[in-house]
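Trainee: Okay, here's what each chain looks like letter by letter:
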Amino acid sequence: MYKRFILLLPLLLFLGAAYGADSATHEFKLNNGLKIIVREDHRAPVVVSQVWYKVGSSYEYSGITGISHVLEHMMFQGTRKFGPNEASRIISENGGRENAFTGRDYTAYYQQLEKSRLPVSFMIESDRMRNLLLKEKEFEKELKVVMEERRLRTEDDPESRTYEEFNGVAFQNSAYRNPVIGWMDDLENLTLNDLKDWYRRWYAPNNATLVVVGDVDAREVHKLAQSHFGPLKPGKLVSPKPRREAEQNGVRRVTVKAPAELPYLIMGYPAPVLNSLKPEDRWEAYALEVLSAVFSGGGSARLPKRLVREQQIAANASAGYNLYARAPDLFLFDGTPAQGRGSMELEQALRAEIKRAQDEPVGTEELARIKAQVVANRVYERDSVFGQAMQIGMLETVGLGWRVMDEYLDRINAVTAEQVQQVARKYLIDDRLTVAVLEPLPMDPDKRRASAGKGGHDVR
Amino acid sequence: MCAKYGLLAALVFVASIAQAGPAIQHWQTQNGARVYFVPAPELPMVDVRVVFDAGSARDADKNGLAALTGAMLAEGVKTATGELNADEIAERFASLGAQFGAGADRDSASVSLRSLAEARLLQPALDLMAEVLRAPAFPAAAFERERNRMLVGLRQQEQSPGAIAGKNFYKALYADHPYAGEPGGTEQSVGRLTREDIAAFHGRYYVARNAVVAIVGALNRAQAEALAEQVAGLLPSGERAPALPAVAPQAAQTIRIPHPSTQTHILMGQTGMSRDDPDYFPLLVGNHILGGNGLVSRISNEIREKRGLSYSAYSYFAPMRVAGPYTLGLQTRNDKADEALQVLLDTLSNFVAQGPTAKELKAAKQNITGGFALRLDSNSKLLDHLALIAFYDLPLDYLDTYTQRVEQVTLAQIKDAFQRRIKPEQRVTVIVGGGAQP
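So the protein lines, in turn, are chains A and B. Counting from 1, position 267 in the first sequence corresponds to residue 267 in my numbering; the numbering is continuous, with no gaps. Counting from 1, position 112 in the second sequence corresponds to residue 1112 in my numbering; the numbering is continuous, with no gaps.
Just so you know, these hints were derived from the structure itself, not from any lab. There's no promise every hint is true.
What the hints assert, rightly or not - In the PhoX-like style, the derived pairs of lysine-lysine whose C-alpha atoms are separated by at most 25 Å in a straight line are:
#1 Lys115(A) - Lys1365(B)
#2 Lys81(A) - Lys115(A)
#3 Lys35(A) - Lys223(A)
#4 Lys81(A) - Lys1359(B)
#5 Lys115(A) - Lys1381(B)
#6 Lys1362(B) - Lys1415(B)
#7 Lys305(A) - Lys1078(B)
#8 Lys135(A) - Lys81(A)
#9 Lys355(A) - Lys35(A)
#10 Lys135(A) - Lys1171(B)
#11 Lys115(A) - Lys1171(B)
#12 Lys233(A) - Lys35(A)
#13 Lys223(A) - Lys29(A)
#14 Lys1306(B) - Lys1359(B)
#15 Lys233(A) - Lys29(A)
#16 Lys1306(B) - Lys137(A)
#17 Lys1336(B) - Lys1359(B)
#18 Lys81(A) - Lys1171(B)
#19 Lys1415(B) - Lys1359(B)
#20 Lys35(A) - Lys196(A)
#21 Lys371(A) - Lys305(A)
#22 Lys137(A) - Lys1336(B)
#23 Lys278(A) - Lys257(A)
#24 Lys81(A) - Lys1381(B)
#25 Lys1171(B) - Lys1423(B)
#26 Lys137(A) - Lys196(A)
#27 Lys1423(B) - Lys144(A)
#28 Lys1306(B) - Lys144(A)
#29 Lys241(A) - Lys196(A)
#30 Lys233(A) - Lys135(A)
#31 Lys141(A) - Lys1306(B)
#32 Lys141(A) - Lys1336(B)
#33 Lys196(A) - Lys1306(B)
To be verified - Simulated restraints, written as ranges between beta carbons of each label pair:
#34 Ser227(A) - Asp1346(B): 37 to 47 Å
#35 Glu1088(B) - Thr416(A): 50 to 60 Å
#36 Asp1346(B) - Asp444(A): 30 to 40 Å
#37 Ser1380(B) - Gln172(A): 58 to 68 Å
No residue lacks a Cβ here, since even glycine has one placed at the ideal position from N, Cα and C.
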């Protein structure tokens, strides 16, 4: 529906993401480098088709932040073959739904269709992979749309603004410091030429993965893809710089003052991900995954149980970790204090939970519960063809490969209580902590002026 | 991620369905709950949802009651065989790999369970669900805590111009009607709720004759029958909730609410249609063209594609038990609010005066009917539709006849329905933002 939305928080989206090894997944590669992955799922006469590009906000650098997402919007604004918005109309008339999304590590486009309409998707995606027009008039208008999107999601949402500033401080050199939607000033100074360069640089078959899941025959899909995408020329790709973080030595603190009703707290510690670990150390990422479930994997986890129900310090509190990021990431906590409690109390309570995870191994039953949920999730996630395609596309695009999801269950099952304790001790270190706090200003502008004046006097 | 996205997707999807649907089996439990079942043998899992006519429309003068009752169900149970607290309930569901959820909107309160089909996991999960429905203990300490969390949630919504606009839109549209209140209540009304209120609400409305049970999963008929008895068969029979009053139209008004946001949120509309409205299909298909089909619709084309005024501009009917709202909405930077509102008004007026073109109607029908299969392509989507058919007493062939009824809609019917139903003298406009004057 609302196409061109962005994926913001990478928190628990892919927790428990896995699916049994099966022979119904097929992999092909065209001569121009386009990778094609087809998973047959014959439960309903539908198909989802997604094209994933290896580009996103973490490929960007200062001055052009948000460019990947703006380009994603422009991908609907016309080629030589289709006018602005025309491809969307064609998909709609074929009973289809479509959208696109940009994240830190990827940009992807998709259609959901009745199975016989798959050629419509390939016709449109193969065309705009190489033939986007990028015209001034559409760019001016679409940039305004993106700025409205930024106002909607970030400027007018105090928690979003806190998260944005948090990232800017927790990451110093890593490109994860930049917001996916881009800084407003960069958006204001973006040019059509910037976009043309960005498009030429990343939009090519050898930088893309085509994922098709549904009631299809893999060989037929391969043939169809060959006829549509086969003629496209590959591009010359230059890998992005690694931009590794220097080691952090001391707590970093950010305060965001904004009109708001409630305080809000975010805490993060640098953490490795599968991509950044040597094969023999990859267990650490799975142990961090379990650790995150210990904190907030459902209603029985420690943060809802202890901070929300027992101590009643938090109205909400959760932990998050994404083992599938392209580059080293953060192990995150966030929360809203309960009525009459402050963000300082919440921070202390979260740090006490962290200490407990470092001091004592996770209980046997607790660990068994987490694993039981992972086992069940492997079945539940097969209910959605779209979700399956998301998993495959994302894993391919960050460079891990879709087969990693087949290892998930075994790797999680192999995690021991001692390993969970070990990663908690190794990575949740005081001197590597970044804390951001939203400090509410009154919502009413008159009261705000009054309290700012008063506050000034009090300090003196 | 983005609430507006989820909300609209759900509404549009509920509003349009079609072709040959699944074979729905239907019966009653011995105590009078109506059961709807679709077998889905492909995956070893089971979804069950019990829906009560116990939404916030039943709050009476205690707004927030339905929502707090739903939130309190899994906070403790007390049965002849023993007691469980919130931790134990959550731990038991988790250890079985089951997913449990409860919630309330204006029309209904729903309790859902997703479990693996394996009996040693499914059976205890169902037993626990049944106890949560039948014998919640509503512990006093948990009550205080959950009520406080609701109050925190209400304050959080005050940060969001979109949430403020939505609340005030309903309030203005429904005045004294039970739909006027928010399911989440107000700080004042929630502050006054008591544990006794909740126990009484549960006793009155969480009864078999006021419930429907929707089941989708790897079960045969006999297993589904046993499941329905297991989950709902021990509820008291009770009585169905009485019919809701009809909605009285309100006079036109414009409400401006200042908010320190960079954007102004605009909601405009009037009361719309019920689930059994005789104009249902002409209004549905007509609105699909006007503002219900994402970026391909007229409103989005005028506001976003032509002028870049908003990220999302849309219109939708929310069909409910009695007339739900007809809403047109957008958000734009404060200094563009007047311009955007004018374009929105012009687009609506023009559509009402002229109706759609033949080309637009054909394209809309192709979209709705051609995408029918997508609406039923997972167990969770099947369950959503099944629960909808069950709760609103729609015919069992509702999905089978849907595309046909969409195909039958004519240009004249759409024009006629919009001209009869869209009334400027009943139009409510809510404008929230920094551009708004007090």
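Trainee: With reference to the structure, classify each hint as holding or not holding.
Mentor: Status of each hint after checking the structure:
no., hint, in the structure
1, Lys115(A) - Lys1365(B), "18 Å, holds"
2, Lys81(A) - Lys115(A), "24 Å, holds"
3, Lys35(A) - Lys223(A), "13 Å, holds"
4, Lys81(A) - Lys1359(B), "21 Å, holds"
5, Lys115(A) - Lys1381(B), "18 Å, holds"
6, Lys1362(B) - Lys1415(B), "15 Å, holds"
7, Lys305(A) - Lys1078(B), "20 Å, holds"
8, Lys135(A) - Lys81(A), "14 Å, holds"
9, Lys355(A) - Lys35(A), "45 Å, violated"
10, Lys135(A) - Lys1171(B), "45 Å, violated"
11, Lys115(A) - Lys1171(B), "44 Å, violated"
12, Lys233(A) - Lys35(A), "14 Å, holds"
13, Lys223(A) - Lys29(A), "11 Å, holds"
14, Lys1306(B) - Lys1359(B), "20 Å, holds"
15, Lys233(A) - Lys29(A), "14 Å, holds"
16, Lys1306(B) - Lys137(A), "10 Å, holds"
17, Lys1336(B) - Lys1359(B), "32 Å, violated"
18, Lys81(A) - Lys1171(B), "48 Å, violated"
19, Lys1415(B) - Lys1359(B), "15 Å, holds"
20, Lys35(A) - Lys196(A), "24 Å, holds"
21, Lys371(A) - Lys305(A), "18 Å, holds"
22, Lys137(A) - Lys1336(B), "19 Å, holds"
23, Lys278(A) - Lys257(A), "41 Å, violated"
24, Lys81(A) - Lys1381(B), "36 Å, violated"
25, Lys1171(B) - Lys1423(B), "18 Å, holds"
26, Lys137(A) - Lys196(A), "14 Å, holds"
27, Lys1423(B) - Lys144(A), "32 Å, violated"
28, Lys1306(B) - Lys144(A), "11 Å, holds"
29, Lys241(A) - Lys196(A), "21 Å, holds"
30, Lys233(A) - Lys135(A), "22 Å, holds"
31, Lys141(A) - Lys1306(B), "8 Å, holds"
32, Lys141(A) - Lys1336(B), "14 Å, holds"
33, Lys196(A) - Lys1306(B), "22 Å, holds"
34, Ser227(A) - Asp1346(B): 37 to 47 Å, "45 Å, holds"
35, Glu1088(B) - Thr416(A): 50 to 60 Å, "26 Å, violated"
36, Asp1346(B) - Asp444(A): 30 to 40 Å, "34 Å, holds"
37, Ser1380(B) - Gln172(A): 58 to 68 Å, "42 Å, violated"
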